Amino acid sequence: MRVNLTVNGEARQADDVWPGESLLYVLRERLGLPGAKNACEQGECGSCTVYLDGTPVCACLVAAGQAEHRDVRTVEGLPGPDGLDPVQQAFLSAGAVQCGFCTPGLVVAVHDLLARNPTPSDPDIREALAGNLCRCTGYENIVAAVKLAAGA
Amino acid sequence: MSTTTVGAGAGIGTSPLRPDGTLKVTGEFAFSSDLWADRMLWGATLRSPHPRARIVGIDLTGAVATTGVHAVLTAEDVPGKKLYGLEHADQPVLAMGQVRYAGEPVAIVAADHPETARRAAAAIVVEYEVLPPITDPVAAIDAEETVHDRGNLLRHVPIRKGSLEATAPVVVTGEYEVGMQDQAFLGPESGLAIPAEDGGVDLFIATQWLHGDLGQVADCLGLPPSKVRLSLAGVGGAFGGREDVSMQVHACMLALHTGRPVKMVYSREESFHGHVHRHPARMWYEHGADLDGRLVYVKARIVLDGGAYASTSMAVVANATTLGVGPYKVPNVVVDGYAVYTNNPPCGAMRGFGAVQACFAYESQMDKLAAALGLDPVDVRVRNALEPGDTMPTGQVVHGPAPVADLLDRVRAAAPPAQRGDDLRELPGGVANTTHGEGVRRGVGYGIGIKNVGFSEGFDDYSTARVRLEVVGGEPAAVVHTAAAEVGQGLVTIQAQIVRTELGVEQVTVATADTTVGSAGSSSASRQTYVTGGAVKAACEAVRAAVLRRAGRDDVTLRGGRLVTEGGEVVADLVDVLGDRPIEETVEWRHKPTHPLDPRTGQGDAHVQYAFAAHRATVDVDVELGLVRVVEIATAQDVGRALHPQSVRGQIAGGTAQGLGLAVMEEIQVVDGLIRNPSFTDYLIPTILDVPPMRIDVLELGDPSAPYGLRGVGEPPTISSTPAIVAAIRAATGLALNRVPVRPEHLTGT
Amino acid sequence: MEFLRPSTWDEALAAKAEHPDAVPIAGGTDVMVELNFDRRRPPALLDLTRVASLADWAADGDRLRIGAGVTYRRIIDELGGRLPGLAMAARTVGSPQIRNRGTVGGNLGSASPAGDAHPPLLATGAEVEIGSVRGVRTVAVADFFQGPKRSVLAPDELIAAFLVPAATGPQQFAKVGTRNAMVIAVCSFALALDPQRRTIGTGIGSAGPTPLRATEAEALAAELPWEGKTLPDTIVQRFGELVGAAARPIDDVRGSAAYRRHALAVLGGRTLRWAWEEHRCA
Ligand SMILES: Cc1cc2nc3c(=O)[nH]c(=O)nc-3n(C[C@H](O)[C@H](O)[C@H](O)COP(=O)(O)OP(=O)(O)OC[C@H]3O[C@@H](n4cnc5c(N)ncnc54)[C@H](O)[C@@H]3O)c2cc1C
Ligand code: FES
Ligand code: FES
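Residue numbers (the UniProt record's numbering), protein chains in the order written: chain A, 1 to 152; chain B, 1 to 750; chain C, 1 to 282.
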């Protein structure tokens with residue numbers, strides 16, 4: 001089947017989509033946007049987090065056909081004309097990136113958190129990011145990055 | 001993947017941004033699972049559902065007939081050696097006549113869509129004659145039934161030091177158990193194999209050890225190593241789980257067979273079956289001490305379940321055994337370590353590599369000893385703390401700093417965490433609303449661990465670095481090229497920092513790791529900054545010597561792109577010395593040699609360097625429900641020299657979190673040889689709500705025999721956080737807790 | 001595999017009647033896992049996310065009628081005051097990403113004994129509104145589940161909504177998991193006090209083949225000192241024991257049967273105390 005959607009502000013089209021495919025597969029393998037990751041494909045890790053109509057979701061759990069005519073924004077769509085989004089910059093500066101596999105999903109989740117709550121408390125940060133697993137950092141520098149971005 | 005250039009101005013001891021960081025935060029960094037090639041096919045693997053069975057027949061008809069399928073291969077199609085393995089080639093590329101664990105690859109398929117490949121694999125009909133699996137490692141040691149043609153005992157490591165008959169007035173004994181932990185790296189096993197015109201293959205792969213893979217892949221493909229070229233694709237974490245080969249040979253076979261690029265990406269479920277895990281351990285300990293709490297002897301028996309294939313079990317059991325009494329002075333030691341074959345999933349490398357299991361046991365014993373004597377647990381440890389010049393159970397003398405007592409004192413002295421607030425999120429159970437404070441008790445516990453850095457027992461452990469200095473756009477620029485795997489730890493940053501420090505140039509490019517340069521060894525055993533760092537430093541020194549020769553000076557250093565005397569006088573610009581003739585040097589660098597263990601006494605200078613870390617854990621336990629929240633962790637570690645302080649802290653926090661996982665939640669549950677929880681729904685790793693804030697105290701005491709004085713950093717934090725957390729839970733509950741992970745049932749007695 | 005995209009409720013019912021083996025998909029947080037993990041290959045998916053009416057909720061007399069497609073996120077944000085028990089349960093479901101997509105309709109559709117929405121729905125006596133081209137019927141939540149992952153839904157039926165009374169007193173929900181977030185319940189318990197009618201509603205999750213009520217514990221309502229007095233420990237304890245006794249748990253990867261019974265007894269007592277405290281102070 002064919003799927004039409006908007007990705008990062010651009011109208012896109014994917015052909016020959018198998019109806020059981022996820023939005024994640026379509027983004028990664030059909031639209032050349034591998035930014036969203038595929039660590040579990042069961043909603044547990046958040047590495048595939050993207051905005052769907054402005055709401056962060058696990059792209060691995062959205063059926064491709066459900067994204068028809070919807071608006072998707074991925075980590076690739078976050079940087080502005082002046083370069084990295086402040087959240088991305090904060091992740092870099094705070095050392096919140098090791099292997100980086102969790103990073104794209106976390107960046108989107110933090111972007112959403114700070115849009116809704118610009119000055120989150122420590123428990124707010126942790127509750128908001130509980131769906132994004134990171135195996136490398138022990139989260140210490142991720143919390144630091146959120147605070148850095150919130151202060152920025 | 002492209003090469004990466006590090007930003008200006010940052011030598012060792014500073015924390016410049018990672019060169020791959022921008023690509024990682026924008027999603028453009030190419031992990032192995034992100035690769036794509038024209039006409040690419042997808043591979044899939046059919047795995048055995050049985051832990052032990054004879055294969056009576058395989059019918060490929062259904063798979064071959066599936067539209068979109070390009071290849072269906074079995075053991076018969078393996079072109080070269082049919083067995084592989086890091087230490088002992090006992091593992092079939094594809095099962096031959098029998099399967100020895102549930103999840104063993106039996107056949108592989110290439111098709112034009114992953115779903116087609118999966119469907120085709122499912123259409124293969126394998127007829128099995130199912131046999132009862134051998135699953136108890138202790139019984140397996142001298143069982144008649146064997147997993148392989150040889151006996152089930154993979155290796156026995158005995159250690160005998162001092163008197164075998166020593167006795168002591170205070171004796172504590174214990175039996176301990178560690179469950180099977182998974183590395184649970186987030187980036188699943190994946191790679192892309194592209195057939196080459198010369199009949200060889202190019203493999204883009206996430207691995208810890210390119211040349212370790214190269215040897216095994218080339219052998220199994222029946223190709224000369226020159227026709228198998230490996231390049232490191234982006235690695236989504238490793239932690240030991242990528243030291244062994246997983247889909248490497250399979251993808252290459254499919255690519256060579258179809259003449260098309262083949263990508264393989266494991267699903268999370270397949271990943272649980274597709275790599276080795278941390279060895280489950282059963283351990284029996286007896287500690288004897290005098291009335292002041294000084295250790296007189298330690299006797300121990302450690303049994304590690306190696307699962308169906310050898311992997312690195314032989315080295316893991318050597319670590320567990322040689323480090324089996326911990327960082328303590330013990331005059332008399334009798335330890336026996338066993339690694340055993342069973343039909344359970346194969347086990348091998350995971351961060352801590354044998355030291356983790358032993359540490360849970362010996363630290364639990366130290367707490368028991370303290371309790372038996374009415375002493376403070378930290379005091380007992382300090383009283384027995386290893387010091388420079390002391391000997392290990394192997395007879396090896398510990399050279400250089402060994403700040404065991406100091407690390408313990410530091411974590412003890414760290415300010416205690418605040419009392420808990422009444423936000424649900426600060427209580428055990430969190431927003432699941434299981435307590436509003438009822439039943440919650442706080443406990444504090446301590447742990448300290450020891451880890452060897454680098455490969456041991458006489459292994460020729462080296463790394464190769466190529467450094468090139470040339471003029472680019474009128475500026476001096478360096479390129480550093482190694483085969484060392486960046487797995488997230490930040491090695492690419494470190495390499496550039498070293499070059500910048502040694503050669504005084506701003507512009508440094510780290511070339512993609514591949515097999516066109518010599519081996520760097522594995523990114524494991526906390527060794528890569530030490531060994532590849534050492535090689536890069538040595539290569540820089542060779543380049544610098546060549547620069548000085550060319551300049552005809554021997555009294556200058558390279559700084560800020562210039563040749564500068566001690567007194568600060570600039571004698572030449574590097575650009576002028578180099579002209580249009582680049583200088584390139586390739587150096588193989590080795591740390592000091594190690595030696596085998598005596599097979600009867602376990603004596604020998606087997607290890608290169610020892611590293612130490614201590615933890616204090618504070619926990620809140622809901623003792624009625626058995627739920628635990630780790631409130632805070634204070635840790636102290638001697639890193640010798642922090643080449644990139646921010647990364648050092650990142651390693652310590654990350655390692656500590658993995659130890660936390662083992663303490664309270666992580667276990668692959670294996671019943672009758674079958675993994676019952678191969679998913680992130682039921683194999684739980686800590687979330688951000690489970691890992692507490694950490695106080696990290698980094699010591700830089702400098703090891704005189706290591707490059708820049710550094711000490712391996714990666715593993716020690718994982719080792720002692722587990723026993724510290726369990727000790728804290730014991731303190732809160734008064735329970736014995738001899739097994740990790742601690743489950744709610746263990747705390748409620750139901 | 002086919003992908004069906006009805007845009008109205010009638011179209012959805014027609015599609016389901018025509019393709020009884022089509023699998024409805026709402027938030028996809030259960031369905032997609034099964035597809036991704038190769039556990040299910042239905043001949044068709046029936047996407048319900050374009051049926052606007054499923055995402056509506058409104059008051060219906062003294063009850064609320066909540067469309068099957070309302071997400072957990074919206075239940076927390078929009079209905080936390082009126083359905084505190086369900087909102088507490090919603091807050092424990094998965095992660096923000098899951099709550100942004102997952103729906104109570106999907107929870108009911110999956111009919112997992114571990115579904116977190118079920119205990120509060122049981123405790124409040126909610127009903128499920130089921131539609132098909134044949135008509136509409138409502139089924140009490142207590143009668144909806146038939147076994148692990150089995151419900152009374154016929155192949156041509158879809159869940160339209162659930163009907164639930166707005167809270168008339170304190171409600172609680174508590175869930176035990178082996179991690180402090182993002183965890184499927186080892187067991188869970190919901191409680192609803194109705195001081196006017198002097199009843200206690202209960203719901204047990206993840207400790208039986210279906211979500212269960214603790215009927216004998218509910219009967220203790222008759223012995224409670226409703227006139228605002230403190231609750232005797234003996235009643236709290238008996239209530240907990242009866243909750244534990246009502247469970248029909250098994251041993252599995254997530255926990256042992258004995259632990260589940262024990263934990264439910266603890267949760268029963270604690271939630272009753274918390275709710276009572278709130279009732280006394282109200
Ligand atoms: C990471 C993760 C964590 C989770 N954590 C929790 C948790 O903590 N607690 C919990 O309870 N659940 C949890 N779940 C499971 C899941 O999120 C819930 O069951 C959720 O309510 C499903 O809703 P959905 O809209 O996503 O359903 P879908 O996946 O779209 O559908 C689920 C089932 O319901 C059927 N269905 C959906 N809508 C209708 C309808 N209108 N009529 C008839 N049938 C219908 C579908 O055919 C399917 O069988 C988790 C899932 C994931 C992936
Ligand atoms: S890949 Fe989607 S949540 Fe893990
Ligand atoms: S940085 Fe590796 S998983 Fe987070």
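Bear in mind the hints are in silico, worked out from the structure with no lab data behind them.
Quantities reported herein were computed from a predicted structural model and do not represent experimental measurements.
Beta carbons: idealized from backbone N, C-alpha and C, even for Gly.
One or more of the hints may lead you astray.
Computed footprint of chain B on chain C; a stretch qualifies when at least three of its residues, placed anywhere within it, have a C-beta under 8 Å from a C-beta of chain B [said to hold, decoys possible]: (1) 218 to 224; (2) 248 to 262.
Below, a sample of chain A positions facing chain C; criterion: calculated Cβ distance under 10 Å [what the hints assert, rightly or not]: (3) G20; (4) Q42; (5) T49; (6) A63.
| Restraint outcome when G20 of chain A is required to lie within 10 Å of chain C by C-beta distance | holds (5 Å)
| field | Supplied contact hint for T49 of chain A, tested at 10 Å Cβ to chain C | value | holds (6 Å)
| Closest C-beta approach of Q42 of chain A to chain C relative to 10 Å, hint status | holds (5 Å)
| message | Closer than 8 Å Cβ to Cβ for three or more residues is the test here. Does the region 248 to 262 of chain C pass it with chain B? | response | holds (count 8)
| task | Could you check if A63 of chain A really has its C-beta closer than 10 Å to a C-beta on chain C? | result | holds (6 Å)
| query | How does the coverage statement for the region 218 to 224 of chain C fare against chain B, requiring three or more residues with Cβ below 8 Å from a Cβ of that chain? | reply | violated (count 0)
The earlier numbered hint that this structure contradicts is number 1, and it is the only one.
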